[in-house]
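Position 154 of the sequence shown, counting from 1, maps to 154 under the working numbering, and the rest follow consecutively.
Hint data in this document are derived by calculation from the structure and do not stem from the laboratory.
Cβ coordinates follow ideal geometry from the N, Cα and C atoms, glycine included.
There's no promise every hint is true.
Claimed, not checked - Label-pair ranges, simulated between beta-carbon atoms:
{"id": "1", "residue 1": "74", "residue 2": "42", "range": "23 to 33 angstroms"}
{"id": "2", "residue 1": "27", "residue 2": "146", "range": "32 to 42 angstroms"}
{"id": "3", "residue 1": "118", "residue 2": "176", "range": "14 to 24 angstroms"}
{"id": "4", "residue 1": "11", "residue 2": "69", "range": "39 to 49 angstroms"}
{"id": "5", "residue 1": "44", "residue 2": "111", "range": "34 to 44 angstroms"}
{"id": "6", "residue 1": "110", "residue 2": "4", "range": "36 to 46 angstroms"}
{"id": "7", "residue 1": "139", "residue 2": "5", "range": "19 to 29 angstroms"}
{"id": "8", "residue 1": "133", "residue 2": "12", "range": "28 to 38 angstroms"}
{"id": "9", "residue 1": "52", "residue 2": "143", "range": "20 to 30 angstroms"}
{"id": "10", "residue 1": "146", "residue 2": "44", "range": "30 to 40 angstroms"}
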Amino acid sequence: GAPYFCLIASKLPFTFREHVPFRNSCMGRGLLVVEVEVPAETMARIGGDASESCRLLVATSHLESPQPPNFYSEARVAQMRQCLERLDALARVRGCSGAAFMGDLNWTERRDGDVPLPRGWVDAWAALEPGEPGYTYDAKANAMLMGGLKGRLDRLLYLRRGGGGGGGGALQPYPTEMVGT
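All chains, please: the whole structure from these sequences, using the hints.
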């Protein structure tokens with residue numbers, strides 16, 4: 001087996017799954033994608049269209065870690081683009097209402113620039129908490145961490161396709177709360 005991996009756990013069965021190794025990873029990283037069908041009754045509970053189920057892609061990754069000397073910023077940017085392009089294409093081909101991509105993306109705007117979000121993609125935290133930093137790593141607030149790094153290394157990005165034959169309408173962010181760092 002692989003010495004390194006990501007996983008996705010779900011109460012809903014997977015109707016599709018794939019693992020896409022990154023073309024440029026020296027750390028054995030890749031994109032893990034699954035498709036689930038969210039039942040109409042669940043959609044109704046979360047404010048969606050209660051008349052039909054909704055097919056969604058759910059994906060995760062751990063993008064290249066920032067290690068000296070070059071911190072792998074170019075690799076991370078290319079990996080992010082590869083992930084979002086693949087999810088966009090899969091959602092279209094499979095007729096999904098949208099996609100959610102989340103994980104330890106090791107992303108900092110200072111090092112990597114703005115997340116290269118293609119049309120239709122939304123950063124959930126930025127949409128729900130505009131102007132709030134939303135640190136998921138804060139060495140100043142968490143005594144268990146060394147150094148002074150603060151950042152939102154972990155992200156949840158989603159694709160709003162609406163309809164698309166997958167039912168459920170466009171994905172909407174759900175109110176959230178930051179717990180821990």
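*asked:* Name the hints, by number, that the structure is in violation of.
replied: Failing hints, ascending: 1, 2, 6, 9 and 10.
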